[in-house]
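Given chain P's structure and the hints, the job is docking chain V onto it.
Residue numbers (my numbering), protein chains in the order written: chain P, 1 to 296; chain V, 297 to 592.
These aren't lab readings, by the way, just hints derived from the structure by calculation.
One or more of the hints may lead you astray.
Stated by the list, open to error - Computed list of lysine-lysine pairs in DSBU-like fashion (alpha-carbon distance at most 30 Å, straight line):
1) V:K433 to P:K16
2) V:K499 to P:K132
3) P:K132 to V:K433
4) V:K316 to P:K137
5) V:K499 to P:K199
6) V:K307 to V:K433
7) P:K20 to V:K433
8) P:K132 to V:K428
9) V:K498 to P:K132
10) P:K203 to V:K433
11) P:K137 to V:K499
12) P:K202 to V:K433
13) P:K132 to V:K495
14) P:K137 to V:K433
There are 2 protein chains.
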Amino acid sequence: MDIKSYLARKKEIIDKALEKLVPPADAFPPSIHEAMRYSLFAGGKRVRPILAVAAAEAFGANTAGLLPIAGALELIHTYSLIHDDLPAMDNDDFRRGRPTNHRVYGEAIAILAGDGLLNMAFEVLSDPRRLKAVPAKRLVAITKEIATASGVYGMVGGQVVDMASEGREIDFPTLEYIHTHKTGALMRASVRVGAIYAKAGKKQLAALTRYGELTGLAFQIADDILDITGTQEEIGKDVGSDLRKDKKTFPSFYGLDAARARAQEVANMAVRVLKDFGRKADPLRELAKYIVNRVN
Amino acid sequence: MDIKSYLARKKEIIDKALEKLVPPADAFPPSIHEAMRYSLFAGGKRVRPILAVAAAEAFGANTAGLLPIAGALELIHTYSLIHDDLPAMDNDDFRRGRPTNHRVYGEAIAILAGDGLLNMAFEVLSDPRRLKAVPAKRLVAITKEIATASGVYGMVGGQVVDMASEGREIDFPTLEYIHTHKTGALMRASVRVGAIYAKAGKKQLAALTRYGELTGLAFQIADDILDITGTQEEIGKDVGSDLRKDKKTFPSFYGLDAARARAQEVANMAVRVLKDFGRKADPLRELAKYIVNRVN
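Next comes chain P alone, as it looks inside the complex:
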């Protein structure tokens, strides 16, 4: 299979689904919907929704009914980017090659756009009109996965430790905590909700959970490498921003070569945990490989 065309196709489907989830830019009150859309449609790769869809496809599920849930994952990812970029947090001026939300709309609207997107995710997840294909019990389980990944036990916790580590020497377990919580938790949850949607059995869910963890880790190592070796076009933000912020990353602990080797190894492990799945899991396999191919 051609993973690049698979990703392009899925991105288009997810962008269309997202378009239906958020109000038009000129809806009342002014500026908040425009601000939410500004970050939501800033050219994101839709990795998390695609992980959810690919996981459901591994079970042969009809994924049309999953799209609002996949969209909710992207709403949450976008909220976290807006809040992480704020002056009080990482104080980033650019994201994906464009000024960050607060640089365009001001801090107050940026905070509220993040809050709005986060709430919107849970509005979508509790909207039976949008989710006719999902029985209520399963929907509650899916919501639990996402809320837990997004909150203090997940992304919020990761960002707290990331903030607390700024300008300080951290050890490797701390870096791992930041990775697994700040980015890993939602990627893991994305794979899991796709599997839960598709009625995965216990053993299958465990395998996909491990796949999600490994793929999240590979993604993060690759991201750290690209911050050093990538072009601005590739990564959509300034090259070397981790270095300038004196942020510890995988390559800063182990060097570029070892980081590349580790990313490859982790991706191979992700592929191996899918050994009992058939051809329908090929998109998941190719996704894991694609992530590290970008840096090798």
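Quick look at chain V alone, frame taken from chain P:
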């Protein structure tokens, strides 16, 4: 019935329930749980959880199973206070007689404490272990009510308009929009989720919805009046803060006397919409009266 002792009793029950919803102050990572608790246990009156409980009691429901949901309402209320107080927003230094969250923990942690509380609310609402008494379908309906009240169609929308109105002449419909969204939406939702939990019929739910809207309005007018006439102890923040911020309020449009009369009228209307309910709705009736008695 003695509404004051009713309120004190319920507040104690809700505080105990809240204690079980959030991690201990010293949980990892440091400072975030302490910050969340700082604002959550700052002496709030627990109006929203009590409205939910009283609404369920009006139907004779066993409200023990409702407590996590009632708690989630307070988590959301607390998140909104923390974010509204931020320097980029209302820039308030004091709340309930104590320094605001960001004054104690810094802006980054305050933003994350708000995010953490908001996510925590939805973790609780999707946690079947905490909500055994509530069938999944009803839980999804309850989550929808709360998410919608909390997001861009509710509180976030109200705060956006409130921010945009700062230092500007606004008309009365704009003030009403701010009131009904910033504070009214969650109070209305609180009453509704109590009723939905208790399996209210369509007509009963409509009556309680109207009660929630009217009580929310009476509460807001009373709050505006107390900002002028209250002691710092009564209102927990600096007296006259609306005036100093040049914020338009109910009394600034109509004068204190007319505002008092309007609050009384609205509370009477709230009591009247409950005419088909029996004695079990007395707490709701007394609550509406109590809110305006504070200012008359």
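Checked hints:
1. V:K433 to P:K16: This hinted pair holds, its Cα atoms lying about 28 Å apart.
2. V:K499 to P:K132: OK: V:K499 and P:K132 at ~26 Å, within 30 Å.
3. P:K132 to V:K433: Within the cut-off at roughly 12 Å; holds.
4. V:K316 to P:K137: holds (24 Å)
5. V:K499 to P:K199: Cα-Cα ~38 Å, so violated.
6. V:K307 to V:K433: holds (28 Å)
7. P:K20 to V:K433: Holds, because 24 Å separates the two Cα atoms, which is no more than 30 Å.
8. P:K132 to V:K428: The given pair, whose Cα atoms are some 23 Å apart, holds under the 30 Å limit.
9. V:K498 to P:K132: The given pair, whose Cα atoms are some 22 Å apart, holds under the 30 Å limit.
10. P:K203 to V:K433: holds (27 Å)
11. P:K137 to V:K499: holds (27 Å)
12. P:K202 to V:K433: holds (23 Å)
13. P:K132 to V:K495: holds (22 Å)
14. P:K137 to V:K433: holds (7 Å)
In this structure, the one hint that does not hold is number 5.
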